[in-house]
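Chain by chain, the residues run as shown.
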Amino acid sequence: MDLGRLKNRFIAKIITRFPSLADRFVIPYTPRDSLAVPWTPVTKSLDQSTIAVVTTAGVHHKDQKPFDMRDREGDPSYRVIDLRKGLSSLMITHDYYDHADADKDINVVFPVERLKEFEKEGLIGRVADLHYGFMGHITGRHIPALTTESAPAVARKLKTDKVDLVLLSPG
Amino acid sequence: MGLIQREIERAGVPTIGVSIVRAYSERVKPPRTIFLKWPYGHPFGEPFHPAQQRVVLAEAFRALYAIRDPGTIIDLPYKWKRERYDDKDIGAILPRGPQ
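Those protein sequences? They're chains B and U, same order as listed.
The numbering of the first sequence is my numbering, which starts it at 1 and goes up by one.
The numbering of the second sequence is my numbering, which starts it at 1 and goes up by one.
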């Protein structure tokens, strides 16, 4: 592991313990101001809806290529997470937050077991089979790749998957 | 996260985001957000604490149906560990459906 990655992990641990320091390390990375807010009305009831999670906590399958942690501007690519492979097939690659707790229980950042319970209890319609994983912390030149390529590609997949509602979870 | 959320919403799928950095959500302006002043890396709470995780999930769904103004951030009152979660009624938090 190179020094840059160790430094990022060290900062991530400090920020998790002392959130007030985040103003110095995290807020300056804020990508840009947005103006108009896109909007799609909710029309289906919750107990009829198929739900998918899109997470930026760095979740992916162990047999997939990990997110690129050497690029200082992040990695705008995404991974398809197939729940049918089981939670033990998942791991987290992300140096910019301390995921020790999420490594123990993935539901802390990717609450699919709770969603499955809601499905079983009839509170929601269905949990989708396919979910989508990104790595947060995307800045600089990768922002256009995210907003014009990978995020719209995932949006199209969600539509193809007939997903009605999407829950977004950070790291 | 918010930038991805905006693109999914733009494509026609309603979204709700869980935020633990309010300043991000204020600037990026995703369509619907719930905010928790909780440690990074813990948007749904502590490991192996299903009652806490279920409350956040239910609050996310409530906000999905309750928010009317694009860009709204709902500040949730839950005080991390100084809160009882196992006595919360999930059914009372969840939305009844589109109104």
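Read the hints as simulated data drawn from the structure, not as lab findings.
Just so you know, not all the hints are guaranteed correct.
Stated by the list, open to error - Label-pair ranges, simulated between beta-carbon atoms:
| no. | chain 1 | residue 1 | chain 2 | residue 2 | range |
| --- | --- | --- | --- | --- | --- |
| 1 | B | S89 | U | A92 | 34 to 40 Å |
| 2 | U | D89 | B | A145 | 26 to 32 Å |
| 3 | B | D68 | U | A66 | 37 to 43 Å |
| 4 | B | G140 | U | R84 | 42 to 48 Å |
| 5 | U | G12 | B | D82 | 21 to 27 Å |
| 6 | U | R82 | B | K162 | 23 to 29 Å |
| 7 | U | I74 | B | K116 | 23 to 29 Å |
| 8 | U | E26 | B | D63 | 22 to 28 Å |
| 9 | U | R27 | B | D129 | 30 to 36 Å |
| 10 | U | R27 | B | R84 | 24 to 30 Å |
| 11 | B | R84 | U | R82 | 37 to 43 Å |
| 12 | U | I93 | B | D82 | 25 to 31 Å |
All C-beta atoms, glycine included, are put in the ideal place defined by N, C-alpha and C.
- Task: Hint by hint, work out which the structure violates, then give me just those numbers in ascending order.
- Result: Result: hints 2, 6, 8, 10 break, sorted rising.
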